[in-house]
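Okay, here's what each chain looks like letter by letter:
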Amino acid sequence: MNQLHPREQNTSIRTLFLVSLCVVLMFVDQRFNHLEVVRSNISLVLAPLRYLVSLPVITVDWANEWLSSHTDILNENVVLKADGRILNARLQKMQVLQAENTRLRNMLGSSRKLADQVIVAELLSVDQNPYRQLIEINKGTNDGVALGHAVIDDFGIMGQVIHVNQYTSTTILISDPEHAIPVQFIRSGTRSVAFGNGSVDQLELRYLPATADIEVGDELVTSGLGGRFPADYPVAKVISIAKDLTRGFVTVLAKPLARLDSSREVLVVKPNNGITPE
Amino acid sequence: MLNLRYFVIFLSLLVGLILMILPLPEPVQVYRPHWVALILIYWNMALPDRVGPWIAFIIGIIVDTSQGTLIGQHALALVIIIYINQNFHQRIRVMSLVQQAIYVFGLLVISQVIIVWVEGIMGRPPPILAFFGAPFVGMLIWPWVFIMLRDIRRKASIN
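Going down the list, the sequences are from chains D and C. Just add 146 to the spot in the first sequence (first one is 1) and you have our numbering. Just add 239 to the spot in the second sequence (first one is 1) and you have our numbering.
Treat the hints with care, since some could be wrong.
Ranges of calculated distance between the beta carbons of each label pair, as one might list FRET restraints [stated by the list, open to error]: (1) C:P262 with D:E324: 19 to 27 angstroms; (2) D:G294 with C:L261: 26 to 34 angstroms; (3) D:E268 with C:I386: 36 to 44 angstroms; (4) C:I341 with D:A356: 52 to 60 angstroms; (5) D:R337 with C:V254: 44 to 52 angstroms; (6) D:V191 with C:F327: 30 to 38 angstroms; (7) C:F371 with D:Q238: 55 to 63 angstroms; (8) C:S396 with D:E324: 46 to 54 angstroms.
Listed below are several chain D residues computed to face chain C (Cβ distance under 8 angstroms; list not exhaustive) [unchecked claim]: (9) V165; (10) L171; (11) D175; (12) L195; (13) L280; (14) K389.
No lab work stands behind these hints: they were computed from the structure. Where a beta carbon is used, it is the ideal one built from N, C-alpha and C, also for glycine.
Work the whole structure out from these sequences, hints included.
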């Protein structure tokens with residue numbers, strides 16, 4: 147029994163040390179960027195686990211493809227071909243417009259380039275912390291992804307990359323309570339900032355003047371201010387406007403256009419060199 | 240059989256980690272029990288000399304990375320509950336499974352309080368359901384975790 151006491155004391159000291167270490171680590175992680183290296187290395191080790199976890203979904207997708215019948219594939223092929231033709235036609239028009247736009251911009255002396263470089267990535271997993279809205283994607287620094295790159299799906303902006311290692315990266319969604327994105331109303335040109343509020347289908351625009359020209363159904367695009375997000379990508383659509391008569395502001399709720407909770411294929415957009423201040 | 244022992248412990252914790260990053264439908268997510276904490280509590284109870292605060296700390300850092308929380312947040316919670324558990328392990332071992340489960344609920348609530356507290360300091364409002372939901376589910380599955388890990392430990396004759 148005598149032996150028990152020194153050991154217990156030892157554990158207490160050890161625990162005390164570890165507890166203070168945790169507190170210091172949290173403080174450093176919150177205030178500075180030094181722990182990014184640790185995070186990136188540990189998540190590198192975790193990358194195989196993430197692949198393993200997403201394996202069932204991948205298998206189901208693969209099996210679906212394998213088992214879908216001949217006629218299904220033929221039908222799909224017809225639809226896709228039609229889609230392809232329509233898109234091609236649009237693209238031709240786009241190319242003309244783009245050329246024209248570039249010419250006009252050149253005439254104006256603007257250095258902004260139009261074509262953004264994109265990387266196609268797939269969703270690996272959704273972070274399970276109920277207080278955050280983070281997703282893991284399967285592209286990392288090896289594929290050219292870097293901190294701050296915007297992530298979009300076919301419908302609009304999803305978020306931006308906040309942690310990255312060689313093979314995977316973490317994206318914070320625009321609906322995360324800690325995220326804010328500079329936006330602009332297409333119709334009126336009013337600029338604002340859209341805050342996430344933790345629920346996947348809502349963004350909040352605070353402190354808009356009560357006189358601002360906003361209507362339900364207005365579309366929001368990125369304004370490109372701040373340099374993080376490329377300009378003119380669709381972000382959200384206004385779903386409600388709450389006027390508070392006691393204060394001079396309105397609070398506007400908008401629904402993100404990107405399918406934040408269901409998109410599996412995403413695109414990582416490298417910001418244009420012409421407009422990024424960094 | 241030193242290697243086998245650590246291998247089994249490591250493997251069980253790995254399974255716990257996988258269970259914690261496994262995608263679940265949104266509404267069920269807040270009820271996900273803290274698998275890693277349950278498994279750590281078991282190993283600490285069975286082998287307090289081998290699985291102690293240090294391992295809890297390392298695993299905690301890994302959980303933090305996988306969950307996108309602050310580095311040290313889960314680690315702090317795990318270190319503290321493992322410390323409490325280490326002081327009680329002899330009494331807990333002889334309890335019935337039901338009593339054990341209630342005790343584990345207490346530990347999980349403590350860990351939850353620490354995690355939510357840190358979130359609160361950083362100004363993120365924690366959802367109420369997540370608070371007691373996850374420890375409650377943890378309490379319900381504790382007997383199964385206990386029996387399964389005990390059988391594994393006996394089969395592998397880890398003492």
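Against the structure, the hints:
no.: 1; hint: C:P262 with D:E324: 19 to 27 angstroms; verdict: 22 angstroms, holds
no.: 2; hint: D:G294 with C:L261: 26 to 34 angstroms; verdict: 29 angstroms, holds
no.: 3; hint: D:E268 with C:I386: 36 to 44 angstroms; verdict: 38 angstroms, holds
no.: 4; hint: C:I341 with D:A356: 52 to 60 angstroms; verdict: 54 angstroms, holds
no.: 5; hint: D:R337 with C:V254: 44 to 52 angstroms; verdict: 50 angstroms, holds
no.: 6; hint: D:V191 with C:F327: 30 to 38 angstroms; verdict: 33 angstroms, holds
no.: 7; hint: C:F371 with D:Q238: 55 to 63 angstroms; verdict: 60 angstroms, holds
no.: 8; hint: C:S396 with D:E324: 46 to 54 angstroms; verdict: 49 angstroms, holds
no.: 9; hint: V165; verdict: 6 angstroms, holds
no.: 10; hint: L171; verdict: 3 angstroms, holds
no.: 11; hint: D175; verdict: 4 angstroms, holds
no.: 12; hint: L195; verdict: 6 angstroms, holds
no.: 13; hint: L280; verdict: 5 angstroms, holds
no.: 14; hint: K389; verdict: 24 angstroms, violated
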